[in-house]
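**Student:** Based on these hints, arrange chain B on the given structure of chain A.
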Amino acid sequence: MELSEEKILRTIFEVVDEVNKMLPEERRLQKLPDTFLAGDSGNLDSLGLINFIVELEGGLQKDFGLTMNLIELLEMPEEPMKSIDRLAKFIKAQANGEEI
Amino acid sequence: MSEGLVRTILISDFNLDVFAGYLENDPQTPKIFPTITPFGQVTQVIMDKSMECWKHSYDLAIVWTRAEGVINSFQKAVDFNSVTIEQALEEVDVYSDSLLRLMDRVKILFVPAWTMSVSMSAYGMLERKPGIGLADLLSRMNLRLAENLNKMENIFILSSERWLQLAGEEAFKPKLWYMGKIAFGNSVFREAVCEIKSALTGLMGGTKKIVLVDLDNTLWGGIVGDEGWQNLKLGGHSPIGEAFSDFQKGLKSLTRRGILLGIISKNEESVALEAIDKNSEMILKREDFAGWRINWSDKAGNILELMEELKLGMQSAVFIDDHPVERARIRDALPEILVPEWTNDPMLYKHYLVNLNCFNTPSISLEDKERTKLYKAEVHRKELKKKLGSLDDWLKTLDIKIVVEGINEANRQRASQLFNKTNQMNLTTRRMTEEELVDWVKEKNRRIWTFRASDKFGNSGLTGLIAIEYRGTEIQVTDFLLSCRVMGRKIEETMLHIVSEYGRALNLKKLTAYYLMTKKNRPCYLFWKQSGFKHDDKTDTFTWDLRNPYPLPDCIKILSNGG
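So the sequence lines, in the order shown, correspond to chains A and B. Going by the numbering used here, the first sequence opens with residue 1, and the numbers climb by one from there. Going by the numbering used here, the second sequence opens with residue 101, and the numbers climb by one from there.
Please note that a few of the clues may not be correct.
Reference excerpt, derived from the structure (chain A facing chain B, CB under 10 angstroms, subset only) [claimed, not checked]: (1) GLU18; (2) LYS21; (3) LEU23; (4) PRO24; (5) ILE50; (6) ASN51; (7) ILE53; (8) VAL54; (9) GLU55; (10) GLU57; (11) GLY65; (12) LEU66; (13) MET68; (14) ILE71; (15) GLU75.
If you are wondering where the hints come from, they were derived from the structure by calculation, not from laboratory data. In this text, a Cβ means the ideal position worked out from N, Cα and C, and glycines have one as well.
Chain A with its partners taken away, still in its complex shape (with noise of 0.2 angstroms):
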């Protein structure tokens, strides 16, 4: 079955909740695709970085039962991490064998 990037945003909502229970107040990421996650613009930092992607990690394999490696992503020239919307698409693109 094809994975939709609205059952996916959902699950990147949901480290999102996570995730900002160890932010300060400031620096909370809003559940929008187009929030900002790494780059200038971005959200979080290193530390903030690493613990989205683990905690995402976790979140593929408990809902779609979907292993991936998510780390690489910090190094990518195409750089889904930028925002929540382009993780999404990159992530059904990969679930679903789809070009990026």
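**Tutor:** Frame of chain A; chain B shown alone:
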């Protein structure tokens, strides 16, 4: 440590940023304001008082380390090098000494016990072999650490093994370690925050004191009014019956730690009590309950009445009921009461109870262990009171005897407990640890008297304490504490009598007390208002002219005054 904010310094050999975030954002009180020190510099941070972090003061230090990070011998053992137990323990001694040094800068120290990482258990069946296994070595090291740190009562070793068990597979995330030097998964940090908050609540006197339980389908399976006490699901060979028995055992064990039990049930009282008395599978007996309200009235009203009878504040109660509507009613009507969400699966009742995390206390005294007995005696006193006329007449029949003592080795733990647990009859609500107490009273112009009360129903134990400081011709009462169990029995007046006689013997002129209002100590204010002391409304100061003796109540006999 203020009620609002606990300033906390975090010291570790691994990255505690995530843990600090959870600590700071956790909505439960008390709020924690953490300061993170550079990880991997445990000894430097502890020993170098000139470091930036020590420019501030802290209520609490949490020193959370991995054994392999601070005990070199253990790291060697992890790498299969030959290490003797003695070598490792010597290093633990040195490490313990450094932790003890912290106590000149913080009031309380929490040290999570060392745990094994799953990647370490390489010795298999030899893990517990003395001199070989890592698990054996780590157990010995933890034990030695606990013994060494037990020298100071404000140091607590936290049982972190439990956090790992609760976190399960989430306990260790190798990626977090390799990418961020974070030793544990987020679930472990969340469990740690829960336990630390619970421990702080206990230290600040906020431990729950009573569990109010429903009967049908909570304490036993079935509806006693419909099915009869003979047919209740309890004990025996059925899994459900065994689960209810276990839940009762869990509740009974709480009574041995000083937690009271009460029943709040919609039932016919005679029918319910018959079940408690006659069903041989009942673990809890009638005498295990400090009180009950079993009738068809609103449970909120019943709780109010029972708590009034037991002289307990609403914030000290937990209410357990299988029925969601009853739980919602109590949450709505009495928001100060803790009403945990409850499972409808009796096999999980005991697990839910054990994980409530609201019964943490820094110490357990003899009085704690016998508290239900003491409260039962109080209920007998009440029954007698109903039969009699005036309060004074009733008090005379009680044959109240008081033993007055100063602070000594035998009573200082209980005295410190009174400081930290008493909320209602408490003049200033100053919290003091055992050590602070001993230090405080060392000054020549300071005195503390403790009061043990007994009457014809039993011994209430050390239930009162008064502390004073005198300067020039004036005595100031700095602390006036009385357990709510014995309030209103003229022990309050007896305490003032003792202090006033002391002042008169020293030819002092004035006895004053400044009342500091909190959310909970209005009963103390009401006592002082009618105490006969002159009251200054503007400053909330009470004054007694020591030219006049403050009388000892007729109903009180002082057996010995060793203060």
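**Student:** Now, for every hint given, state plainly whether the structure supports it.
**Tutor:** Verification of the hints:
1. The interface hint given for GLU18/A is met, as the beta carbon of that residue sits about 7 angstroms from the closest beta carbon of chain B, less than 10 angstroms.
2. Against a cut-off of 10 angstroms between C-beta atoms, the interface hint on LYS21/A holds, since the closest Cβ of chain B lies about 6 angstroms away.
3. The closest approach between the C-beta of LEU23/A and any C-beta of chain B is roughly 6 angstroms, which is under the 10 angstroms cut-off, so the hint is satisfied.
4. For PRO24/A, the interface hint holds, the least distance from its beta-carbon to any beta-carbon of chain B being 7 angstroms, beneath 10 angstroms.
5. A least Cβ separation of about 4 angstroms between ILE50/A and chain B falls short of the 10 angstroms threshold, and the interface hint therefore holds.
6. A distance limit of 10 angstroms between C-beta atoms decides the matter here; for ASN51/A the minimum to chain B is near 6 angstroms, and the interface restraint holds.
7. About 8 angstroms separates the beta-carbon of ILE53/A from the nearest beta-carbon of chain B, less than 10 angstroms, and the hint is met.
8. Interface hint at VAL54/A: satisfied, since its Cβ lies 5 angstroms from the closest Cβ of chain B, which is below the 10 angstroms cut-off.
9. Taking 10 angstroms as the C-beta contact cut-off toward chain B, the hint placing GLU55/A at the interface holds, the least distance being around 7 angstroms.
10. About 8 angstroms separates the beta-carbon of GLU57/A from the nearest beta-carbon of chain B, less than 10 angstroms, and the hint is met.
11. Because the smallest distance between the Cβ of GLY65/A and any Cβ of chain B comes to about 15 angstroms, over 10 angstroms, the interface hint for this residue is violated.
12. Interface restraint check: LEU66/A against chain B, minimum CB-CB distance 16 angstroms, threshold 10 angstroms, status violated.
13. Hint status for MET68/A: violated, given a least beta-carbon distance of 12 angstroms to chain B, over 10 angstroms.
14. Because the closest C-beta pair between ILE71/A and chain B is about 6 angstroms apart, less than 10 angstroms, the hint holds.
15. Here the hint on GLU75/A is broken, as its CB sits about 12 angstroms from the closest CB of chain B, past 10 angstroms.
Going through the hint list in order, the structure does not satisfy hints 11, 12, 13 and 15.
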